[in-house]
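Could you slot chain B onto chain A? The hints should help.
Read off the chains here:
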Amino acid sequence: MLTRFNSILIFKIVRSCVPFLILGSVIFFSCEEAKYELDNPNDPENMDLDPPALFFHPPEINTTMDSSFSVELYGLKLKPAAAAHLDVRYDWGSVQIDSVVADTFFQSENDPVQIVIDEQGILDIFIYLLPDTESDENEGGTWPLATIYMHPVSTGESELLFGENTRLRDANNDSVRIKSFGSGFINVE
Amino acid sequence: MMSIIRGIIIIHLVSLCLAAEITKSVSLKTGNQLAVLEFEGWAVSEPLTEFITEEFRETVRDLKIFQVQDRGITNQLKIFKPRKKDYWACWSEECAIDLGRHLGVNYVIAGNIQKKGDDEFLIKGRLFSVDMETLLNEFAMSSSGITDSLLLEMKKMAYNVSGLPVPDTLSVGTDMSQVATTEDIKRKRQWIQLPPIPSKIKALMMSTALPGSGQIWAERKYPGYGFMGTEATLGIAAFIAYYQYDKAWGGFQETYIAYQSETDPHELMELRPQIIQYAADSRKYNALIKNIRSVGLSIWAVNMVHAYLVAPNDDFFDGEYFFDLEYKPDVNQVQFNINF
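From first to last, the protein sequence lines are chains A and B. Throughout the first sequence, residue numbering follows the numbering used here, covering 1 to 189 in sequence. Throughout the second sequence, residue numbering follows the numbering used here, covering 190 to 529 in sequence.
Extracted from the complex, chain A is given alone in its bound form (with noise of 0.2 Å):
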């Protein structure tokens, strides 16, 4: 024996879902694969550095003689680490130092002590983490360890290097282990 379509009481509540079915069948003809590149210049992992590692940020700075600008340093993947001497070289015939300030990296519950100084293309700085109630030192990781802000003083193009009395301590005063270095460029128009 046949039975009516109509009196069937699921065929009734399925009519009801006809309209997602059939949305759902267009979804599932619809999805896209991801693709993609990580190739932003500014991502680490694209500068050819074997971390732990101290690079410039950013690595290439274009400017005018009449703007100032500004450059971190920036330690990538770094071990926990109290103190850091920076030593960064540069052409003081193309740029002058305006202000160097201590960065996120030694940045705890207190602000860090820094010391200056600036000498003929040689910049030394020399920050120290100020431990508070948690700790000691940093986590580490990749973060900046200090910004300098300078302004051009002829055109041209000139480098920023890291110079080879760069050293990072941790809380013990044992060195912090730095594999590679990165390079600035900037170029004055």
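These are calculated hints, taken from the structure and not from any lab test. Treat the hints with care, since some could be wrong.
Only pairs whose alpha carbons sit at most 30 Å apart, straight line, appear in this in silico DSSO-like list of lysine-lysine [said to hold, decoys possible]:
| hint | chain 1 | residue 1 | chain 2 | residue 2 |
| --- | --- | --- | --- | --- |
| 1 | A | 35 | B | 473 |
| 2 | B | 410 | B | 436 |
| 3 | A | 35 | B | 517 |
| 4 | B | 391 | B | 305 |
| 5 | B | 517 | B | 391 |
| 6 | B | 410 | B | 253 |
| 7 | A | 35 | A | 77 |
| 8 | A | 77 | A | 179 |
| 9 | B | 436 | A | 35 |
Coordinates of chain B only, in the frame set by chain A:
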């Protein structure tokens, strides 16, 4: 000599008359056996069809035109010679004559009762001659109202089958406009009726639109609900997978756009693994959706074939038109036949 010839002629005439008499009496004695097969009910309960069929038998029997076979004997065929089909329908000449021979009758009546609306029934009947191997007459009547009206129509049909005029007593109090002959019904429906769709094709179409519905329509409820449930489960699984995919895809797009515009190395270092994770998640859920879709489509296809196989054959299409898929248990194969 002439007297001898006259005597021979008289003997021949007498024997011829006697022979005619004997033939007639044999014809009367054996030529009016009638079996009324149980009417097939479409959206009509089985007890009701049984009751109405029996009333029809009784009415035909009372009219004394046919010797109507008892219900018990007719239904014995169900037990001793069960048919492959799961329903008791016999609408074609071949089927009816075959059954008639098994039952040892001269005539067979087969029919069905279809419920057309809430209170509307369409009764169809066919009178087959087993001896002549042909369809003698076809009857159709529509009835609206309660079961009493249906019974009345069956009685009218009994008169029609017996070749007797319907008495006025059966017409009193009924709306004669509802009584329609086959020709009337055909004429009325010529404007609105689409070409008949074979039940197998109908079941196939239903199961194509909604898995399992063709099987349920063909009274194969368990496989029908099985297919429907399986597809519904896969659908839900696909929706869950899609929800997860959508979440991962949204996260991927958001982080990837941020990555492309970001300049801070620390933020970029944070975004990089997120992008990789979101992309991996979106690929994973997309693959899951594709797998579910493949499984779902396979089951959908199986469901369509199954619906076609389990749906009943229509006599007006069976073996005469279109194609036919039939399972042959003796060779354990499904055979595909095309007939024009």
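How the hints compare with the structure:
no., hint, in the structure
1, A:35 to B:473, "holds (13 Å)"
2, B:410 to B:436, "violated (38 Å)"
3, A:35 to B:517, "violated (52 Å)"
4, B:391 to B:305, "holds (18 Å)"
5, B:517 to B:391, "holds (22 Å)"
6, B:410 to B:253, "violated (43 Å)"
7, A:35 to A:77, "holds (27 Å)"
8, A:77 to A:179, "holds (11 Å)"
9, B:436 to A:35, "holds (16 Å)"
Comparing the model with each earlier hint shows violations of hints 2, 3 and 6; every other hint is respected.
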